[in-house]
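S.K.: As a plain string of letters, each chain reads:
Protein chains: 2
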Amino acid sequence: MPTFSSFVPPRRVLMGPGPSDVSPRVLEALSRPTIGHLDPAFISLMEEIKQLLRYAFQTENELTMPISGPGTAGMETCVVNLVEPGEKVIVCQNGVFGGRLKEMVKRCGGLVIPVDDPWGRAVDPEKVETALRAHPDTAVVAVVHAETSTGALSDVATIAALARNAGALSIVDAVTSLGGSELRTDDWGIDAVYSGTQKCLSVPPGLSPITLNDRAVAKVRGRKTPVQSWFMDLNLILGYWTGGAQRSYHHTAPINALYGLHEGLRVLAEEGIEKSWARHTANHHALRAGLESAGLTFAVPEAERLPQLNSILVPDVVDDAASRKALLERFGLEIGAGLGALAGKVWRIGLMGYASRRENIDLCVEAVETVVREAVTGMPHVQ
Amino acid sequence: MPTFSSFVPPRRVLMGPGPSDVSPRVLEALSRPTIGHLDPAFISLMEEIKQLLRYAFQTENELTMPISGPGTAGMETCVVNLVEPGEKVIVCQNGVFGGRLKEMVKRCGGLVIPVDDPWGRAVDPEKVETALRAHPDTAVVAVVHAETSTGALSDVATIAALARNAGALSIVDAVTSLGGSELRTDDWGIDAVYSGTQKCLSVPPGLSPITLNDRAVAKVRGRKTPVQSWFMDLNLILGYWTGGAQRSYHHTAPINALYGLHEGLRVLAEEGIEKSWARHTANHHALRAGLESAGLTFAVPEAERLPQLNSILVPDVVDDAASRKALLERFGLEIGAGLGALAGKVWRIGLMGYASRRENIDLCVEAVETVVREAVTGMPHVQ
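Sequences listed follow chains A and B, in order. Just so you know, we're using my numbering here: the first sequence kicks off at 30 and counts up by one. Just so you know, we're using my numbering here: the second sequence kicks off at 30 and counts up by one.
Pulled out of the complex, with its shape left as it was, chain A reads as follows (with noise of 0.2 Å):
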């Protein structure tokens, strides 16, 4: 039988893309006993999760509660259900998660429309109203809020308000934006939003938050075919999360998961979500202030730039892989590398969550600079 030893991770400090750093409240909570999924103490934790997240998401939609799995897991479930096959749906892409959007719409049946953006801009709504016009039998609209492949914000407000005068939903991934921008759900109009807990809600992955508006509830509840999926069919999810004290089983609920987005989600409502947003600005700002003194470039142009995820072009003198191995080895530092289009020529340095914070940009800096440097002198710098 295999031996080996309990896992002792590293020290490390979470700068990528995500997981960012969860805050010790969050781990602590992590391990509690574990209840029943239909303890009368489970059904009340799940209540006060919905309404903690219902202020995350800064709606009051009654359907708003955590997939069982991550932010991939939550978007697959918005698009399969809300996308029957055959209807027309608008995809914006403009980094790796919208292609991921069009995939999923293409698996369930539906016919991407795509509106394509360069990478690391954000996506036009002119595009997109453009392509309304020339389809406007569209059912849904499907738009990434804070392209996580990339640091490029897009105005998901405006996207959503071109689609609900056109009659179509709007899909808005908020997975990276949730908590760190401002995201509001129903003075926007957004019909679904799906998020993940391990970006600026500073809860470990395995969880994707999800709010859906009467609008698109009521396009669940009236669908011509299945949702080809019964893990994530929310007629059926739905049975379990409001079903109240006539709650159906539908699957074992991830609990001590659960016991952290619970702790995660009480830490921002006691920060209060736009002081959190101003957080996530303010040490973006003083981020961008020590890497470009040390010479560094951002790569989305200033007004379209995410606070919490900053895409900075990988300095011609330095080796993409080699540094960012010196920064995890020697400074315990994880920035994320560039994905797809822009794999190799970009470094990702979140600032999210727990992570966003004075010392983590201070440390940032000093060992970004340093690779930096030793790459120009040729001599590893002493320490």
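Any given hint could turn out to be false.
Which copy? The list can't say, so a pair holds if one copy fits it or any two copies do.
Under the rule of at most 35 Å between Cα atoms (straight-line distance), these lysine-lysine pairs were calculated in the DSBU-like manner [as the list claims (entries may be wrong)]: (1) K374 x K156; (2) K117 x K135; (3) K248 x K354; (4) K135 x K156; (5) K117 x K156; (6) K374 x K354; (7) K117 x K79; (8) K248 x K117; (9) K354 x K79; (10) K135 x K253; (11) K253 x K79.
Calculated from the structure, these hints are not laboratory results.
Dock chain B against the given chain A, drawing on the hints supplied.
M.R.: Relative to the frame of chain A, chain B by itself:
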């Protein structure tokens, strides 16, 4: 903004159909600091988890890994990857979970050939043989090893052999059996197995270990149609879990949940899988002796009983829901209600993993005896 206290779970002994009591070692592991999903240290952890799971499944299969969702996600992953539209699938049903398999097969375009047995009985291999003769073009045979909804154990070794002789693949649901009942994936020639963490592994719910042999992987790799789920497409997931140094990103792995699984699998390996099976059987006999002394009757015939999930007929004198409430509130003891055809007729008493201990048997027998006696005498037992 909503303000809630940090969640402190009530003290419970989990002897229902799962989740089961989680080992303190596993709870502690959950709270270790989160690291990145592409961190070299995490990649090493993933390799150890794969080896430990191979031991638990008794297999050498390369594709052995946890799916990032509960057992239901593992079930659907096996079905959507191994069934193509239009293919015939024999689904054995003797409880809730066979019914769930049928629904998933239908939703991905498979043609269900039902093999039904009464709830509370094992699947009859002769019926499977007859169905295979009537449908020689059957592509897949799906069967539940340990039917959690009834407490019946089926002979999946014989059923997998029948499938293989007929040229069909076998899918076995081992959610409740893994670690608690003899399961020999390779020796029995099973092509695909999925399980859950919250039963006899005594890890919180949220992950679904799966294993596929080369025949099953060849089918996934050689599909004529794309897997309908992007999230569950093993062709994509394997790029992350078996990609070696060139691991490609698919979704963010649930880091801390995997710390817990690693520790839970270490606990199993330290005990030894055969010893774990034997412990579950011995404790089942002890519980049986106690409950029968108290006048209670098992719902499943002796030869077909699961040691880790004991279905007891609800005595005529008691109120089902009120009695379970009394067990929970006065004894901190969670047992399970009947499901589906057995709702209101049985209690399901789990003895799984860390919960399968002598002290729990004593607590359960005393508590159940007490609430039954009180129902007979009409007065609460003085404690």
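S.K.: Can you list which hints this structure breaks, lowest number first?
M.R.: Hint check: 3 fails alone, others pass.
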